[in-house]
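With the sequence shown counted from 1, adding 2 to any position gets you the working numbering.
Derived from the structure by calculation, the hints contain no laboratory data. Check each hint, because a few of them may be wrong.
Cβ-Cβ distance ranges computed for the label pairs, FRET-style [what the hints assert, rightly or not]:
| id | residue 1 | residue 2 | range |
| --- | --- | --- | --- |
| 1 | 70 | 160 | 39 to 49 Å |
| 2 | 90 | 153 | 28 to 38 Å |
| 3 | 73 | 30 | 32 to 42 Å |
| 4 | 158 | 4 | 19 to 29 Å |
| 5 | 42 | 73 | 19 to 29 Å |
| 6 | 155 | 71 | 18 to 28 Å |
| 7 | 134 | 53 | 29 to 39 Å |
| 8 | 88 | 121 | 16 to 26 Å |
| 9 | 127 | 59 | 15 to 25 Å |
| 10 | 144 | 43 | 27 to 37 Å |
Cβ coordinates follow ideal geometry from the N, Cα and C atoms, glycine included.
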Amino acid sequence: MLVSDGVIALRPIAVADVPAHLAGADPALIRLWPDLGADEPATERFADSAAAWETGGPARLFAVTEFPAAELIGLLDIRLARPYLDKGQASIEYAVYPERRRRGLATRAVILGCRYLAALGTVEEAVIRVDPGHTSSVGVARRARFRYSHSATDGDDRVDWYLQAI
Numbered sequence: 003m004l005v006s007d008g009v010i011a012l013r014p015i016a017v018a019d020v021p022a023h024l025a026g027a028d029p030a031l032i033r034l035w036p037d038l039g040a041d042e043p044a045t046e047r048f049a050d051s052a053a054a055w056e057t058g059g060p061a062r063l064f065a066v067t068e069f070p071a072a073e074l075i076g077l078l079d080i081r082l083a084r085p086y087l088d089k090g091q092a093s094i095e096y097a098v099y100p101e102r103r104r105r106g107l108a109t110r111a112v113i114l115g116c117r118y119l120a121a122l123g124t125v126e127e128a129v130i131r132v133d134p135g136h137t138s139s140v141g142v143a144r145r146a147r148f149r150y151s152h153s154a155t156d157g158d159d160r161v162d163w164y165l166q167a168i
């Protein structure tokens, strides 16, 4: 465990998490992360993420777990580098498995992700980009005290940017 609020915890994802992830993933999560919808690509992505953790790479995929049981309930993806980010920014993407939704757990995970970023000491601002029609994701950003910044296009899709000072 890297960080916890006493209800949930974040820890680096591991290849051993693939079966629990696949059991919990639904079409909404797979739409967000298409490469995490099947065994082989999920195993590859989790292995790459584990390697990035070991080498200090810019991708930080977290397992979101219930505390203290450590049951996998979702994912939090922090990226310290993306083409659309400015220096000092990090992106946050998140998903909680369907049976755990609507309990505030995604909001807790985002807040813990921000605490993690603060501890790094190299990030000044967190960015959440969401489809404005995905009201649950917009709600998570707002409840985590991110402020709306602007709308932009990402390919053919419109995304709203929410920002939080770290």
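Now for the hints, and whether the structure bears them out:
Range check, residue 70 to residue 160: Cβ separation about 40 Å, and the 39 to 49 Å hint holds. One distance hint, 28 to 38 Å for the beta-carbon pair residue 90 and residue 153, is violated here, with the actual separation near 22 Å. Here the CB-CB span from residue 73 to residue 30 is close to 20 Å, at odds with the stated 32 to 42 Å. Checked against the hint of 19 to 29 Å, the pair residue 158 and residue 4 fails, with Cβ atoms roughly 36 Å apart.
Look at residue 42 against residue 73: about 24 Å separates their beta carbons, and that is inside 19 to 29 Å. Between residue 155 and residue 71 the Cβ separation comes to about 41 Å, which falls outside the hinted range of 18 to 28 Å. In this structure the supplied range 29 to 39 Å holds for residue 134 paired with residue 53, their Cβ-Cβ distance being about 35 Å. Between residue 88 and residue 121, the C-beta spacing of about 21 Å keeps the proposed range 16 to 26 Å intact.
Hint check: residue 127 to residue 59, Cβ distance near 20 Å, so the stated range 15 to 25 Å holds. Between residue 144 and residue 43 the beta carbons are some 32 Å apart, a value that agrees with the proposed interval 27 to 37 Å.
Going through the hint list in order, the structure does not satisfy hints 2, 3, 4, 6.
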